[in-house]
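**Q** The chain contents come next:
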Amino acid sequence: MPKITTKNLNLWYGGFHALKGVNSDFEVNKITAIIGPSGCGKSTLLRVFNRMNDLIEGVRMSGEVLIDDANILDSRADLVALRKKVGMVFQRPNPFPLSVYENIVFGEKIHGRGSSGDKLDEIVEKSLKDVLLWDELKDRLNHPALMLSLEQRQRLCIARLIAVRPDVLLMDEPCSALDPQATARVEELMRELKNKYTIIIVTHNMQQAARVSDDTGFMLLGELIEFGKTDIIFTAPEDKRTEDYITGRYG
Amino acid sequence: MRKIKEFVIVKLIQVCGLASIFFVALIFLFLLKEGLSVFKTVSPFDFSFGKNWYPISEPAQLGILPLISGSLLVTLGAAVISIPIGVGCAVYIAEIAPLKIKEILKAGIELLAAIPSVVLGFIGMITLVPLVKNIFHLPTGLTALSGSIMLAFMAMPTIVSIAEDALYSVPKTYKEGALALGATHWQAIWRVMLPAASSGILAAVMLGIGRVIGETMAVMMITGNAAVMPNSILVPVRTLTATIAAEMGEAVVGSEHYFALFAIGIILFIISFAINVTADLFLQKRQQ
Chain R
7 MPKITTKNLN LWYGGFHALK GVNSDFEVNK ITAIIGPSGC GKSTLLRVFN RMNDLIEGVR
67 MSGEVLIDDA NILDSRADLV ALRKKVGMVF QRPNPFPLSV YENIVFGEKI HGRGSSGDKL
127 DEIVEKSLKD VLLWDELKDR LNHPALMLSL EQRQRLCIAR LIAVRPDVLL MDEPCSALDP
187 QATARVEELM RELKNKYTII IVTHNMQQAA RVSDDTGFML LGELIEFGKT DIIFTAPEDK
247 RTEDYITGRY G
Chain C
47 MRKIKEFVIV KLIQVCGLAS IFFVALIFLF LLKEGLSVFK TVSPFDFSFG KNWYPISEPA
107 QLGILPLISG SLLVTLGAAV ISIPIGVGCA VYIAEIAPLK IKEILKAGIE LLAAIPSVVL
167 GFIGMITLVP LVKNIFHLPT GLTALSGSIM LAFMAMPTIV SIAEDALYSV PKTYKEGALA
227 LGATHWQAIW RVMLPAASSG ILAAVMLGIG RVIGETMAVM MITGNAAVMP NSILVPVRTL
287 TATIAAEMGE AVVGSEHYFA LFAIGIILFI ISFAINVTAD LFLQKRQQ
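Those protein sequence lines, which keep their order, are chains R and C.
7 is the number of the first residue of the first sequence in this note's numbering; add one for each residue after it.
47 is the number of the first residue of the second sequence in this note's numbering; add one for each residue after it.
Incorrect hints may appear among the rest.
[What the hints assert, rightly or not] The calculated DSS-like cross-link candidates involving lysine-lysine, where the alpha carbons are at most 27 Å apart (straight line), are:
{"hint": "1", "chain 1": "C", "residue 1": "221", "chain 2": "R", "residue 2": "135"}
{"hint": "2", "chain 1": "R", "residue 1": "132", "chain 2": "C", "residue 2": "221"}
{"hint": "3", "chain 1": "R", "residue 1": "200", "chain 2": "R", "residue 2": "246"}
{"hint": "4", "chain 1": "R", "residue 1": "115", "chain 2": "R", "residue 2": "90"}
{"hint": "5", "chain 1": "R", "residue 1": "90", "chain 2": "C", "residue 2": "152"}
Hints are computed from structural coordinates only; laboratory data are not their basis.
Could you put together the complete structure from these sequences and hints?
**A** Right, dumping it as structure tokens:
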């Protein structure tokens with residue numbers, strides 16, 4: 007059973023039709039990449055899954071988005087619970103202007119799980135180990151997170167997310183602010199994380215999609231043109247527009 | 047010809063630029079010259095910590111501790127009232143209010159800043175003073191509390207506008223990050239936005255307090271002007287500023303009393319200066 011299913015999903019920003027009848031399935035323990043030229047709606051689609059688009063005034067949606075068989079577009083959907091389950095990593099690393107430690111325990115604290123000091127320490131250690139930052143930062147847990155390098159910040163943001171124990175990780179161009187080496191390391195991290203999570207990554211970097219993803223969706227002007235196994239999308243796409251895009255004819 | 051014109055204009059602008067510093071220096075020098083003379087007859091310690099202010103008795107007693115206490119008490123009261131309301135108002139405008147209400151509130155705050163202090167004092171005298179008198183069953187409503195409440199109104203516009211600005215300039219990504227982790231709107235404000243804006247908010251508070259401590263007219267009208275050591279917020283007090291304003295007209299030029307009033311001026315100057323520098327430090331920290 008797919009983790010996330012969209013059925014005839016439409017989205018409008020005021021009068022602008024940004025997503026047009028998107029049907030897709032996102033599988034557990036796989037990395038699904040969404041590619042397409044700027045403005046094609048790929049970030050918008052990603053932001054439907056944790057309802058971040060709700061922050062923008064004048065957004066309307068129709069259709070269904072099922073996560074674990076519950077329609078998250080339902081007006082009664084609990085956004086706090088949804089965002090606990092569906093976490094997001096942003097394009098620009100955005101750690102809070104707090105210490106490394108406080109960044110990671112943020113989720114634990116807001117969700118009032120009432121963990122004590124030892125438990126919190128444990129969560130911090132485990133989360134940092136999961137993103138391979140523990141050895142670098144274990145002596146600097148009280149340093150401000152804004153002192154870290156860009157890559158470290160992005161990893162910290164992933165650690166902060168993992169500490170909330172989500173099921174789904176949404177990544178909105180998570181490497182666009184990083185240099186090639188840091189990008190390679192974050193991609194490696196994604197491959198390790200996919201055993202535990204459903205990962206959806208939006209990227210304008212086709213090579214990255216080809217390297218890390220199992221499934222790929224190609225979007226153009228708000229439509230999901232083609233969706234399938236990454237190997238097939240990149241070697242034998244069915245649609246002419248997909249082929250033109252991945253061979254670099256536009257975008 | 048064009049060069050000469052350019053030269054003259056540049057020099058003129060330079061003079062304008064330096065004039066403000068020049069005037070501040072002149073004012074400070076004048077204050078020092080007049081004010082320091084008082085210490086020929088009173089020691090700085092007795093002046094600052096003396097509990098009696100009887101400037102025209104024989105011999106004059108020039109202890110300004112009651113005046114300092116009065117100023118601090120009124121300012122503290124105003125701070126306690128205006129900081130939570132001001133910061134709360136800033137949070138509401140920056141984060142919660144719909145666009146229309148936001149516009150109306152901002153205009154209202156500006157209007158509040160535009161009310162002359164003598165008008166505020168007058169309104170306070172007519173409405174607030176009797177109210178305080180009746181609520182607390184006091185012989186007079188002209189108390190430090192009345193002054194604090196009125197001054198809170200004067201500090202609020204400064205606090206609200208600067209704190210709102212500080213909240214507004216917190217990167218949107220912080221808020222998004224918090225919400226994406228499942229924080230409620232309030233948790234995002236309390237745990238992320240306010241800490242991120244804290245230096246700007248502290249600057250706002252300092253500038254608000256700076257405005258209060260230098261305020262004269264309203265406090266003179268409604269605090270009762272009794273230069274005695276206050277033992278509660280419900281008694282009449284006299285502030286440093288009100289003392290200068292009330293007594294300068296009757297002090298004989300060149301007398302001890304006259305010099306003492308200038309010395310009070312120096313103290314006010316130092317307090318305001320310290321507050322403004324602190325606010326500046328917070329603002330600089332925010333920009334980093």
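**Q** The structure should be examined with respect to each hint, and the outcome stated for every one.
**A** Evaluated hints:
no., hint, in the structure
1, C:221 with R:135, "holds, 26 Å"
2, R:132 with C:221, "holds, 25 Å"
3, R:200 with R:246, "violated, 31 Å"
4, R:115 with R:90, "holds, 13 Å"
5, R:90 with C:152, "violated, 36 Å"
In summary, the structure is inconsistent with hints 3, 5 from the numbered list given earlier, while agreeing with the others.
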